[in-house]
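Which chain is which? The protein sequence lines are A and B, in order.
Residue numbers in the first sequence follow the numbering used here, run continuously in steps of one, and reach 1133 at the last position.
Residue numbers in the second sequence follow the numbering used here, run continuously in steps of one, and reach 896 at the last position.
Because the hints were derived from the structure by calculation, they are not lab data.
Hints are supplied without guarantee of correctness; some may be wrong.
[Stated by the list, open to error] On the chain B side, residues computed to face chain A include the following (Cβ under 7 Å):
1. GLU678
2. GLY696
3. VAL884
4. GLN894
[What the hints assert, rightly or not] From the derived model, a few chain A residues whose C-beta atoms are all more than 10 Å from chain B:
5. GLY850
6. LYS853
7. ASP854
8. ALA889
9. ILE974
10. ILE1009
11. ARG1014
12. ARG1032
13. ALA1056
14. VAL1092
15. ILE1119
[To be verified] Label pairs and their computed distance ranges (CB to CB):
16. ALA753(B) with GLU923(A): 31 to 39 Å
17. ASP735(B) with ASP1116(A): 41 to 49 Å
18. PRO826(B) with ASP1015(A): 27 to 35 Å
19. LEU1011(A) with THR758(B): 52 to 60 Å
20. LYS981(A) with GLU626(B): 54 to 62 Å
21. ASP828(A) with MET642(B): 14 to 22 Å
Even for Gly, the Cβ is constructed at its ideal location relative to N, Cα and C.
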Amino acid sequence: MPATAAAKIPPEERLLNLVVALIATDQGLTKDTILTSVAGYREQSEAGASKDALEKMFERDKESLRGLGVPIETIGDWADPDDLREARYRVPSAEYELPEDIDFTPAELALLTLAGGVWSEGSLSDDARSGLRKIRALGDLVDEPILGFSPQLNPRDPAFPALHQAIEASRIVTFPYLKPGEGAPRTRRIQPLALVEYEARWHVFGIDLDARDDRTFLLSRIVGPVVAARGSFDPALREGAGERALAGLEAVAARNSALLEVNPGTEAALRLARRATPAEQGIRVPYVDVHIFADELASYGPEVRVVQPADLRDRVIDRLAATRDAHGGAA
Amino acid sequence: MSPRPLVATDRAALMLQLVPYLVGKGEVSLDEAAAEFDVTPAQMRSMVEKLTVIGLPGDRGYWQMSNDLFDIDWDLLDGQDLIVITNAVGLERAPKLTAREVAALLAGLQLARSIPGVGDTELYAGLLAKLARGASATPAEVILAPEPVDAVRDLVADALRRHVAVSFTYKAPDAAPTTRTVDPVKVHIASGQWYLQGWCHLREAMRTFHLDRVSDLELTGIPSSHSEEPAPAWFDSDAGDVVARVRFPEAAAPLLGDYLDRAMVDTADGMTVATMRVADELSLRRLAARRSGVVEVLEPPAARRAVAEWAEAGLAQYR
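Given the sequences, and given the hints that come with them, work out the whole structure.
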């Protein structure tokens, strides 16, 4: 591309001119019209940029705008829908704009403001703020903010952003998954359907394509990159997946319960109390994952004793022995 | 939030939101608009100036007429740092929410819902429906399992709203219980745990209390006199005085989670040594035992011995 002054028009100006032009048209604009009349393309056309280069730029711009949620409609040839040479492009404003009849009450805005502030870092915090801005632009309703509470979400698992993106795009993903007790990670291939936080841990729920069944994976056990495949699966599979995942985890917790003896007044007693129900000999606490619960119980040292089940008791004993031995053994 | 570097697509996205915001405001200061968009006033000025070259395409072969472009009141911008749009050529209504924006807000709403007394079922249901209609695509489901709310959480939320002090028994780890009276200032909710920050009448200072360690909580009739006190930055409150060194395989770093946020980390041959401040030596016992020997406490020596004794005492229960 020749280094003309025209080529220096910043890309965001071209993108915005394109949106304005596509919203203003009812019948749609042909690619040819766009490349020769929309500011940003027009200058480069006139400066002699090749048609091929301009068309590629237009394709990229369309993708960028779709990524921002701008719905670009392609109206193909009536007789031959696959023939895009004479296709027209437009942005239907009903699809682009927030519906005219949506507005938010002051109480709703206050709640949304609290909700939008929970992401402490990462890109979802930008998304929450940007969503709030769009909503606030509908009307500057002032309400008393909800003070005194600072709820925070901070998914630290490196797999979180890639999985979120893959679910939104309905893409199959693969990732290395290391189960406790297994020497090496095994690659899993799933249709990811929902992300679920349960007892402060993040899980991805999906259809395991090798096991051909629903599976729930702990994000903390994904030990390598999450790779998304090219093709997408039917987004209808995602409907109701979150509820299904939650019901699954709750069913596991209802099945697994430990009988524990706890020294009253200790850290263990305090931390377990909210989850516990009293039993004849101590307390009963439901759990989802035996490894994670064994880790927690081991941390309480002599403050808690596992009565049942044997599997959990053995794992706690192993952990305590390993901890003792790593620190110079018994005195 | 600090202004971050923006790429062209980000800038385009911001400008698509800027027009409806400015149209809605009528007139707004550069500073206020910059704060709303998390950019510097200089960046906001350049966004507004850029707006004036955006517009409808000219008729084939002709350049655009001035009323085909956005325009602003330049005198107000240059003279008083005020933004007023004088001609708009579209984009006046805010764009629909992206799938990610809706997902981020929905997850936040689920967390907000766990706070007693904030919003009712009807309010949440209405919001969910509006967000669904305002979305440009189906968001990825991000679900938060509801946490059990106990009486302590209920009462603390109530005390905050009524601006009265609370009294309770506090059992800090490995210390004798104490009775406290506290003017509640803020409740932090993170990883399913609630932490109350407030003015402690006993210590005459701001303190943070983990609500799982609170019992016998009651509302007093004493009006909270420090509720306007600025809450200290969240993580400052648990910085400790003990310098500890721990060793673990590099790959096990995620096991340490936020402990490492404030640690000095040194890795060689796949093993990492982290130097960090902790509240007290005894807390290291729980840290090490939770990671079943994968995380090894090196220093202080007394803490290392305490870990071995802690694990041994645990084991003794099973003999």
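Results for each hint:
{"no.": "1", "hint": "GLU678", "result": "3 Å, holds"}
{"no.": "2", "hint": "GLY696", "result": "5 Å, holds"}
{"no.": "3", "hint": "VAL884", "result": "4 Å, holds"}
{"no.": "4", "hint": "GLN894", "result": "5 Å, holds"}
{"no.": "5", "hint": "GLY850", "result": "17 Å, holds"}
{"no.": "6", "hint": "LYS853", "result": "16 Å, holds"}
{"no.": "7", "hint": "ASP854", "result": "21 Å, holds"}
{"no.": "8", "hint": "ALA889", "result": "18 Å, holds"}
{"no.": "9", "hint": "ILE974", "result": "14 Å, holds"}
{"no.": "10", "hint": "ILE1009", "result": "14 Å, holds"}
{"no.": "11", "hint": "ARG1014", "result": "22 Å, holds"}
{"no.": "12", "hint": "ARG1032", "result": "19 Å, holds"}
{"no.": "13", "hint": "ALA1056", "result": "13 Å, holds"}
{"no.": "14", "hint": "VAL1092", "result": "13 Å, holds"}
{"no.": "15", "hint": "ILE1119", "result": "6 Å, violated"}
{"no.": "16", "hint": "ALA753(B) with GLU923(A): 31 to 39 Å", "result": "37 Å, holds"}
{"no.": "17", "hint": "ASP735(B) with ASP1116(A): 41 to 49 Å", "result": "44 Å, holds"}
{"no.": "18", "hint": "PRO826(B) with ASP1015(A): 27 to 35 Å", "result": "33 Å, holds"}
{"no.": "19", "hint": "LEU1011(A) with THR758(B): 52 to 60 Å", "result": "58 Å, holds"}
{"no.": "20", "hint": "LYS981(A) with GLU626(B): 54 to 62 Å", "result": "57 Å, holds"}
{"no.": "21", "hint": "ASP828(A) with MET642(B): 14 to 22 Å", "result": "20 Å, holds"}
Comparing the model with each numbered hint stated earlier shows that hint 15 is the single one that does not hold.
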